[in-house]
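Counting from 921, one number per residue, gives the positions in the first sequence under our numbering.
Since the hints were made in silico from the structure, they are not lab data.
Because the structure is a prediction, the values reported are computed rather than measured.
We treat Cβ as the ideally placed atom computed from N, Cα and C, and that holds for glycine.
Mixed in with the good hints, there may be bad ones.
Unchecked claim - Simulated restraints on C-beta separations: (1) P1034 with T946: 28 to 36 Å; (2) M954 with R987: 27 to 35 Å; (3) P948 with V999: 19 to 27 Å; (4) T946 with E984: 29 to 37 Å.
Said to hold, decoys possible - Below are the SDA-like pairs computed for lysine to any residue, each with C-alpha atoms no more than 20 Å apart in a straight line: (5) K1002 with S1039; (6) K957 with K1010; (7) K969 with P948; (8) K1002 with T949; (9) K1010 with G980; (10) K1004 with P948; (11) K969 with A979.
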Amino acid sequence: MKIVELENDIEVNDCSEDNSDDNVVTVPTQKGGMRRKHHRPWTINEVVKLVEGVARYGAGRWSEIKRLAFSSCPYRTSVDLKDKWRNLLKASFVQLPAEKGILNSRKQASVPIPAAILSRVRELADMQGQIPPVLSACKSSGHSSSDRNVHEARSGFL
DNA sequence: GTTAGGG
DNA sequence: CCCTAAC
921 MKIVELENDI EVNDCSEDNS DDNVVTVPTQ KGGMRRKHHR PWTINEVVKL VEGVARYGAG
981 RWSEIKRLAF SSCPYRTSVD LKDKWRNLLK ASFVQLPAEK GILNSRKQAS VPIPAAILSR
1041 VRELADMQGQ IPPVLSACKS SGHSSSDRNV HEARSGFL
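Can you make the complete structure from the sequences, with help from the hints?
Below, the structure is given as structure tokens:
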């Protein structure tokens, strides 16, 4: 038997794993302007760093996160970080309560954001107060068990 | 330049 | 991702 374990390196690089090639396609719009379309698919590593940065400094401090976690990334400005964070929030609110019996065709396309990351995002959003008042009201009166997430792996920030 | 919101 | 507005 051959024990050939595939070292699925999930982007072991930091953020410089991105190709140095600039994927910029200039498409002229009808309104009067050249729209520069970049194509920079956020990888898991990027998402993790973003979440870690928010967990360390807080949501809204994209400038600091960009200076520390994304210091080697000339692109990815404050706008990009905020955009990704919003996208993560949406995914963490619709993919967390599911993940049980959805259509799983054996394999996803290169893993679209693991639930592990989404769990961190949801907890962070709860801390930073980015949870919408909706969806949280799914409790039926009569549950004295204060079941809190067990993700409290923080030494104690804030 | 950054944050925040919308397309 | 890109653009706009306000700070």
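Tested hints:
| no. | hint | result |
| --- | --- | --- |
| 1 | P1034 with T946: 28 to 36 Å | holds, 35 Å |
| 2 | M954 with R987: 27 to 35 Å | holds, 29 Å |
| 3 | P948 with V999: 19 to 27 Å | holds, 22 Å |
| 4 | T946 with E984: 29 to 37 Å | holds, 32 Å |
| 5 | K1002 with S1039 | holds, 18 Å |
| 6 | K957 with K1010 | violated, 23 Å |
| 7 | K969 with P948 | violated, 34 Å |
| 8 | K1002 with T949 | violated, 25 Å |
| 9 | K1010 with G980 | holds, 17 Å |
| 10 | K1004 with P948 | violated, 26 Å |
| 11 | K969 with A979 | holds, 13 Å |
Against the hints set out earlier in the document, violations occur for numbers 6, 7, 8, 10.
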